[in-house]
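Input sequences plus hints: build the corresponding full structure.
There are 2 protein chains.
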Amino acid sequence: MKIIMDCLGGDRSPDANVKGAVASLRKHADLSFALVGDEAALSAAVSDAGDVSDRIEIVHAPGVITGDDKPTDAIRLKKDSSMIAAIRLLREREDADALVSCGATGALVAAATLRIGRIRGIRRPAFCPILPTMDGGTVGICDSGANTDVTAEMLLQYAVMGTEYMRCVFGKKEPRVALLNVGTEAEKGDDLRREAYALLSAESGVNFVGNMESRDLLTGKYDVVVCDGFSGNVLVKTTEGTALELLKKLKRDIYSKTRYKLGAFIMKDMFAKEKAFMNYQNYGGSVLIGTEKTVIKGHGSSDAAAVEKCIEQAITIKAGAMNENISAWLTKREEEISNV
Amino acid sequence: MKIIMDCLGGDRSPDANVKGAVASLRKHADLSFALVGDEAALSAAVSDAGDVSDRIEIVHAPGVITGDDKPTDAIRLKKDSSMIAAIRLLREREDADALVSCGATGALVAAATLRIGRIRGIRRPAFCPILPTMDGGTVGICDSGANTDVTAEMLLQYAVMGTEYMRCVFGKKEPRVALLNVGTEAEKGDDLRREAYALLSAESGVNFVGNMESRDLLTGKYDVVVCDGFSGNVLVKTTEGTALELLKKLKRDIYSKTRYKLGAFIMKDMFAKEKAFMNYQNYGGSVLIGTEKTVIKGHGSSDAAAVEKCIEQAITIKAGAMNENISAWLTKREEEISNV
Numbered sequence: 000m001k002i003i004m005d006c007l008g009g010d011r012s013p014d015a016n017v018k019g020a021v022a023s024l025r026k027h028a029d030l031s032f033a034l035v036g037d038e039a040a041l042s043a044a045v046s047d048a049g050d051v052s053d054r055i056e057i058v059h060a061p062g063v064i065t066g067d068d069k070p071t072d073a074i075r076l077k078k079d080s081s082m083i084a085a086i087r088l089l090r091e092r093e094d095a096d097a098l099v100s101c102g103a104t105g106a107l108v109a110a111a112t113l114r115i116g117r118i119r120g121i122r123r124p125a126f127c128p129i130l131p132t133m134d135g136g137t138v139g140i141c142d143s144g145a146n147t148d149v150t151a152e153m154l155l156q157y158a159v160m161g162t163e164y165m166r167c168v169f170g171k172k173e174p175r176v177a178l179l180n181v182g183t184e185a186e187k188g189d190d191l192r193r194e195a196y197a198l199l200s201a202e203s204g205v206n207f208v209g210n211m212e213s214r215d216l217l218t219g220k221y222d223v224v225v226c227d228g229f230s231g232n233v234l235v236k237t238t239e240g241t242a243l244e245l246l247k248k249l250k251r252d253i254y255s256k257t258r259y260k261l262g263a264f265i266m267k268d269m270f271a272k273e274k275a276f277m278n279y280q281n282y283g284g285s286v287l288i289g290t291e292k293t294v295i296k297g298h299g300s301s302d303a304a305a306v307e308k309c310i311e312q313a314i315t316i317k318a319g320a321m322n323e324n325i326s327a328w329l330t331k332r333e334e335e336i337s338n339v
Numbered sequence: 000m001k002i003i004m005d006c007l008g009g010d011r012s013p014d015a016n017v018k019g020a021v022a023s024l025r026k027h028a029d030l031s032f033a034l035v036g037d038e039a040a041l042s043a044a045v046s047d048a049g050d051v052s053d054r055i056e057i058v059h060a061p062g063v064i065t066g067d068d069k070p071t072d073a074i075r076l077k078k079d080s081s082m083i084a085a086i087r088l089l090r091e092r093e094d095a096d097a098l099v100s101c102g103a104t105g106a107l108v109a110a111a112t113l114r115i116g117r118i119r120g121i122r123r124p125a126f127c128p129i130l131p132t133m134d135g136g137t138v139g140i141c142d143s144g145a146n147t148d149v150t151a152e153m154l155l156q157y158a159v160m161g162t163e164y165m166r167c168v169f170g171k172k173e174p175r176v177a178l179l180n181v182g183t184e185a186e187k188g189d190d191l192r193r194e195a196y197a198l199l200s201a202e203s204g205v206n207f208v209g210n211m212e213s214r215d216l217l218t219g220k221y222d223v224v225v226c227d228g229f230s231g232n233v234l235v236k237t238t239e240g241t242a243l244e245l246l247k248k249l250k251r252d253i254y255s256k257t258r259y260k261l262g263a264f265i266m267k268d269m270f271a272k273e274k275a276f277m278n279y280q281n282y283g284g285s286v287l288i289g290t291e292k293t294v295i296k297g298h299g300s301s302d303a304a305a306v307e308k309c310i311e312q313a314i315t316i317k318a319g320a321m322n323e324n325i326s327a328w329l330t331k332r333e334e335e336i337s338n339v
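The listed protein sequences derive, respectively, from chains A and B.
Heads up: the first sequence at position 143 corresponds to 142 in numbering that gives the first Met the number 0, and the numbers run straight through without jumps.
Heads up: the second sequence at position 52 corresponds to 51 in numbering that gives the first Met the number 0, and the numbers run straight through without jumps.
Since the hints were made in silico from the structure, they are not lab data.
There could be a bad hint or two in this list.
To be verified - Straight line, CA to CA, 30 Å or less: simulated DSS-like cross-link-like pairs of lysine-lysine: (1) B/K267 / A/K267; (2) B/K220 / A/K248; (3) B/K256 / A/K267; (4) B/K187 / A/K69; (5) A/K272 / B/K272; (6) A/K274 / B/K248; (7) B/K272 / B/K256; (8) B/K247 / A/K267; (9) A/K1 / A/K317; (10) A/K317 / A/K172; (11) A/K250 / B/K248; (12) A/K272 / B/K250; (13) B/K171 / A/K248; (14) B/K272 / A/K247; (15) B/K260 / A/K248; (16) B/K78 / B/K18; (17) A/K172 / A/K26; (18) A/K274 / B/K260; (19) A/K272 / B/K247; (20) A/K247 / B/K172; (21) B/K26 / A/K248; (22) B/K26 / A/K260; (23) B/K274 / B/K247; (24) B/K172 / A/K256; (25) A/K267 / B/K250; (26) B/K260 / A/K171; (27) B/K267 / A/K256; (28) A/K256 / B/K18; (29) B/K260 / A/K77; (30) A/K247 / B/K267; (31) A/K260 / A/K274; (32) B/K248 / A/K267; (33) B/K26 / B/K250; (34) B/K172 / B/K317; (35) A/K256 / A/K220; (36) B/K260 / A/K256.
Dropping the structure here:
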């Protein structure tokens, strides 16, 4: 298996990327990497890889795409950037299976959607991040921003993609799939939601459990939430933002009084655990599902361990034949539609 | 000023409603109420109102609409319910100015939107709850669920309605208005968002500060967030859900170890303050803006003080001529459009 690694754009790039790759190479004998970034920096970082260095190729592309770059401009104008070069390599090299990047999300999703071929029959790929739930589980949000305009058929495809992903990578046997809506009753929401509800209810390949109100996202009652990319984006970013702002406020309030500082000191290990719990890089990267080759976005602040987790996801997706399972469903669905 | 009070449907109804009304009557000599609910229960509750009881009228309508009732069915079938009777009174009585209810949100918003006349020129009323921000301020979300399908012109109207509301009730001079979007750049989102962005930028009556990503909702950088009712609903419920689930988890973790319980005991008053901070009933009710007569939805768990706050909002809205200011803008806008 060959993975293309975009080694720029993350807060700890390229070190975290290289260390994560080397750690994975030591675990998987059949793995190889193409590291994309600044050649001199990468050569230096790779110098102590020792025994696994013969499975590392370095590709020079020193430009960086940041969150300030407009995605469409970045794709068009920053051809020498590590991200766009990495996407090109993934597309052109037949032996390349997946891409891992900790760079700008918008540009990565846009470039991958445009440049990497889709699984035959998939209308549009979906971007699926994972959030921790309060019972210690996980929930995938499909889609969280790759496509703002969707149809009911696309939402049905997202449900299947999310199901196969949670099955493959998180070992959930019958992932509970919910449709994001403004209420739980079947008739809630707009025409799109009602049409999607009907399609999902009729689909035997999906364990559809009904509509979900966004306040229940973290309860642990759902494994996959299906939604258009606009409201999915709002769902994920509001969750992250609220958690972050609350923890910041708590910290500020603790520092406002010596007595609170004492109380917090007694609970220090508990607060550290809460912080780790809310740190979503501990749950792996966000996957673009529906492309022929897997694209994984690690968090911008990913360390070597987080990068390694993204690599493991890519390996599991290939080993678990996620795309083949999605393809099999699409063939079945096509037959169903043509039989109607 | 006469206020119609729906005295059923809240967790503490009718007591909290009656006590809230009586407290307001003692403060405002020109205020009167029509209390709608079960006549026997209301008569008993009003019996110790003493000097202000001559400004209380009781209207018998003992049925209750709950969150389990489908709004459209509730409107059609539960005509004897306190909520539908209260809406009817608000519409039919010329001297009635406003309605306060702590009942089911969906049914209230649907019934009021259908039955209460709109301000001339307003396309659709918007439902606007208030959330506390981390700097001790407030932010209004307009719309959070009255209309899932909107146009750019409606979003512009929401901006004006939200502006006048935050000015009138929260005393903000130049409320900072943001458009909810998937990124901050002007070209982000779908056609609807780009069109709304252009309209908002060109509107001198609104202090438009650009797109807002949902993760920044609680930072205190915005006073009004304009959005379609679907994503607004997701925005508000995700914020509430995340805060609630996090506080629940924190509590569970504290109870898991004696040492944590000790630490929390030392910080008891701080945690109580955090809880009160996140309790949105302390910030008043959610207002349906754009109807000729004001409809205010108190939180289901409202106590007498929270009900009194909703009443104060209704009084402030009338005294501050909120609807007249919205009307004046609409006239100006109509002229602008006809001049193009």
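Structure-based check of each hint:
{"no.": "1", "hint": "B/K267 / A/K267", "result": "holds, 16 Å"}
{"no.": "2", "hint": "B/K220 / A/K248", "result": "holds, 15 Å"}
{"no.": "3", "hint": "B/K256 / A/K267", "result": "holds, 13 Å"}
{"no.": "4", "hint": "B/K187 / A/K69", "result": "holds, 9 Å"}
{"no.": "5", "hint": "A/K272 / B/K272", "result": "holds, 23 Å"}
{"no.": "6", "hint": "A/K274 / B/K248", "result": "holds, 12 Å"}
{"no.": "7", "hint": "B/K272 / B/K256", "result": "holds, 23 Å"}
{"no.": "8", "hint": "B/K247 / A/K267", "result": "holds, 18 Å"}
{"no.": "9", "hint": "A/K1 / A/K317", "result": "holds, 11 Å"}
{"no.": "10", "hint": "A/K317 / A/K172", "result": "holds, 18 Å"}
{"no.": "11", "hint": "A/K250 / B/K248", "result": "holds, 17 Å"}
{"no.": "12", "hint": "A/K272 / B/K250", "result": "holds, 14 Å"}
{"no.": "13", "hint": "B/K171 / A/K248", "result": "holds, 23 Å"}
{"no.": "14", "hint": "B/K272 / A/K247", "result": "holds, 15 Å"}
{"no.": "15", "hint": "B/K260 / A/K248", "result": "holds, 21 Å"}
{"no.": "16", "hint": "B/K78 / B/K18", "result": "holds, 26 Å"}
{"no.": "17", "hint": "A/K172 / A/K26", "result": "holds, 27 Å"}
{"no.": "18", "hint": "A/K274 / B/K260", "result": "holds, 19 Å"}
{"no.": "19", "hint": "A/K272 / B/K247", "result": "holds, 15 Å"}
{"no.": "20", "hint": "A/K247 / B/K172", "result": "holds, 28 Å"}
{"no.": "21", "hint": "B/K26 / A/K248", "result": "violated, 36 Å"}
{"no.": "22", "hint": "B/K26 / A/K260", "result": "violated, 43 Å"}
{"no.": "23", "hint": "B/K274 / B/K247", "result": "holds, 11 Å"}
{"no.": "24", "hint": "B/K172 / A/K256", "result": "violated, 34 Å"}
{"no.": "25", "hint": "A/K267 / B/K250", "result": "holds, 15 Å"}
{"no.": "26", "hint": "B/K260 / A/K171", "result": "violated, 35 Å"}
{"no.": "27", "hint": "B/K267 / A/K256", "result": "holds, 13 Å"}
{"no.": "28", "hint": "A/K256 / B/K18", "result": "violated, 37 Å"}
{"no.": "29", "hint": "B/K260 / A/K77", "result": "violated, 55 Å"}
{"no.": "30", "hint": "A/K247 / B/K267", "result": "holds, 18 Å"}
{"no.": "31", "hint": "A/K260 / A/K274", "result": "holds, 17 Å"}
{"no.": "32", "hint": "B/K248 / A/K267", "result": "holds, 16 Å"}
{"no.": "33", "hint": "B/K26 / B/K250", "result": "violated, 39 Å"}
{"no.": "34", "hint": "B/K172 / B/K317", "result": "holds, 18 Å"}
{"no.": "35", "hint": "A/K256 / A/K220", "result": "violated, 38 Å"}
{"no.": "36", "hint": "B/K260 / A/K256", "result": "holds, 19 Å"}
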